[in-house]
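Protein chains: 2
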Amino acid sequence: MSYQDTSAEEINIAMQAAQVAFLSYKNISGKQKAKFLAAIAEELEALGGELVTTVMKETNLPEARVINERNRTTGHCRMFATLVEEGSWVDASIDTALPNRMPVPKPDIRKMMRPLGTVVVFGAANFPLAYSTAGGDTISALAAGCPVIVKAHPAHTETSTKVAGAIKTAIKKTGMPSGIFHHVYGTGFEVGQALVKHPLTKAVGFTGSLAGGKALFDLANQRAEPIPVFAEMSSINPVILLPDTLSRNVSKTASLLAGSITLGVGQFCTNPGLIIALEDDATQKFLDALSEEVRKSSPGPMLHQGIADNYINRSNYVREQPGIQVMSESIDTHNPMQGRPWIASVAANVFLNNPSLAEEVFGPFSLVVRCTDRNELHSVVSSLHGQLTCTVIGDAPEVKQYESLLNVLTEKAGRVILNGVPTGVEVCPSMHHGGPFPSTTDSRFSSVGTDAIKRFVRPVAYQNFENALLPDELKNENPLGIWRMVNGELKK
Amino acid sequence: MSYQDTSAEEINIAMQAAQVAFLSYKNISGKQKAKFLAAIAEELEALGGELVTTVMKETNLPEARVINERNRTTGHCRMFATLVEEGSWVDASIDTALPNRMPVPKPDIRKMMRPLGTVVVFGAANFPLAYSTAGGDTISALAAGCPVIVKAHPAHTETSTKVAGAIKTAIKKTGMPSGIFHHVYGTGFEVGQALVKHPLTKAVGFTGSLAGGKALFDLANQRAEPIPVFAEMSSINPVILLPDTLSRNVSKTASLLAGSITLGVGQFCTNPGLIIALEDDATQKFLDALSEEVRKSSPGPMLHQGIADNYINRSNYVREQPGIQVMSESIDTHNPMQGRPWIASVAANVFLNNPSLAEEVFGPFSLVVRCTDRNELHSVVSSLHGQLTCTVIGDAPEVKQYESLLNVLTEKAGRVILNGVPTGVEVCPSMHHGGPFPSTTDSRFSSVGTDAIKRFVRPVAYQNFENALLPDELKNENPLGIWRMVNGELKK
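The listed protein sequences correspond, in order, to chains Z and P.
The working numbering applies: residue 1 is where the first sequence begins, and numbers increase by one.
The working numbering applies: residue 1 is where the second sequence begins, and numbers increase by one.
Where hints are given, some of them may not hold.
Copies of the same chain look alike in the list, so a pair counts if it fits in one copy or across any two.
Below, simulated DSS-like cross-link-like pairs (lysine-lysine); rule was C-alpha separation at most 25 angstroms, straight line [stated by the list, open to error]: (1) Lys106 <-> Lys252; (2) Lys454 <-> Lys412; (3) Lys285 <-> Lys454; (4) Lys412 <-> Lys197; (5) Lys296 <-> Lys162; (6) Lys400 <-> Lys26; (7) Lys106 <-> Lys57; (8) Lys35 <-> Lys173; (9) Lys454 <-> Lys491; (10) Lys475 <-> Lys400; (11) Lys412 <-> Lys26.
By construction, these hints were calculated from the structure, which means they are not laboratory data.
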């Protein structure tokens, strides 16, 4: 089946339809939106094995992973359904009037979150379901009350088309305005550019490469009306090994990290691409153990040829850098579509003088940086760019001794992990998946968890409104029974 | 007294000192920060009449207004002190571990707001105290835990220097790290550019012109690491008069609006620069009454010569546009430093075809747009750019009839007012002072009220931390007694 690029005229028609739909959809109750979001989950489930097979065919992902990801996707549809049905997410705040206040009366002012308008979503190659057509960006934007235009990812167009069909069926079945969702196709840059530049677009969600995300970010800021771009781009997710703890847990740490490095053929945004340790006996033993684990590991098929080629090119680049010592690579045979796990190490002073070594290698690779002392460890951490995650492996008493390091490290990441691995992003209210640039374009917002909805809203204050004219969320009697800040006090 | 431009080297030294200070200041308790912010208020009060006289001399503002603004400034210092002392503002969220969950265990994840880093503040000419050196931007950033570098406004350098002295005294008296506040001077663009471009700057607060704010926004986005700019820039604050209500309240409405147009010589960002009404008898009577009010009003001294010149130039430009009918102007004599109130009217079709008429005229001026029918009223509202505020004058039954107009209007503004005037921005939790572009660069954040603190923070998630290593806000025992979301439930 072939999918033609959507024309500029078709895009404009879709954007106009989305704007018309927005003016009614933004006022639809949380309960109605909840039914719609739950219906998307049901329709995705109704696609059954056919969807799973399509994803497997288009992405080379194994069945268990695809089913798991499908469940994660229906899971976040239901999570946002629960969130908007309950309703407190709008951050309602009420300050009642004080007509006799001197020198001037205080007016009645109330505030709540309202949707921004139409959101354009670019899905991720590595999450064909959970971060694509009905992914976290789309579902959180729809939950917020925004229409969504999804550009199908060229690497899994058929999957995207099936998922889009499920969303359209859910729209029909729950009586939503049909214009709130559009699915467009584009193999080159033109369609994406036209979507981001369209005056009716109010925000952009993107998951992918630094080059792609940054290009959209620049385009959005050059518009007559600049708009926010939430791009999740590039992170090497450093892991710092504290020496005493490492000396007691060499093989455990090696097997923990090898598992994380090779998970999903290294194709996760939270893949640990950098390991930082002191140059000592424990680290030498750890390197030996990690090397052995990587040697035993198997290459796996990558998502598509472009990603596989890029992994080989980036790997070759790193290999050729002065001071790079290849530690080990998987000894299994592999074909050019497969990502072959490997690790290297480098002295900290070399790493510090070659910024290209801090750039992401998307695939099952990690670079171990050997520091001669604590000062150098501090320098390496201070030199890091913004990251989605930073991890420290160390027991509590030793972490206490490295408090100032942890203090600096926290400035580099959106999520700090102790004694775990960065892969495996829990979907829950406390998750924050969004770190300082270049890991994302806006460290203040998360693309995972319920707070992802906050990207697509802005506060609107209502001053001196009669009760009947206010949105339900702000009415005196609190008809929705939501949490609200009333005259400085949080209550239901 | 003369103030030399701060050199690039001095700026770099200040930024480095701010970064060092940040690494300790960010971990200081809310209680300690509260003492510091309250001390700023005390030191400002200790400056007494000398500060008031200096402001009056530099800005031409009358004594009562200056005292009022000083009290507003000490008021927001204490408001943020109360906020950070109580502590719930950090949005703490806790999801505890489920080690036995299938297929994978759920880790313990906790999240709270943490400061971004050093913030550069550009003060406003029209609020020499409340939106300048110790203004809402500075105080909310310090409350968040960010160091602040203020560039003194060239139009009130002496005021700024005195206020900076008060902040520095408060730092000493409460034992804060000295590097958290720096005060720099610059008459041209160079100093501001150097501050925004400096790699250690993490956010910018600005209040001023569209040209100035947009230039800083562009500069910040062109950095290797783009940073957020919160610029409050340009708004004409449209007021829509509904016909039935107007017909019953002609003179009341005219005097209400005349008061708002001429308040503070029209030098408020919420000044009502556009009035939209249907072309009917009531509107004709309203225009007569408003004209009479404006004729009787007095010119007043503007903040500085640049603003006065700009008001004259912009007024002359509007006067010369085809279709503009001058309705009335103040009949008092005035000198070139004084802003002379005047109003004009124009037919909606002319307004719709001349976008320059929708640009801000900073001063005591308003343009009345006459619409032939409801459709044209709808077109004019739809054509509006983003605004800080939009106002509707209409009683509840009539507003109900214009529900679709109100629905569109809400998309244009950060604050919607019924039967009031946009001037007079209440400082309270429910205030939202920040509308769609070009009124601000980021409609999602407010520069007034307690939520202004949200501009200078980002969430950080802590995964699998032992209790003792967590910030107090996230410890199991909730030692600060703050509101937290714990496993999906809001509790103290």
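> For which of the previously enumerated hints does the structure constitute a violation, in increasing order of number?
Replying inline: Numbers 3, 5, 7 - these are the hints that the structure violates, sorted from lowest upward.
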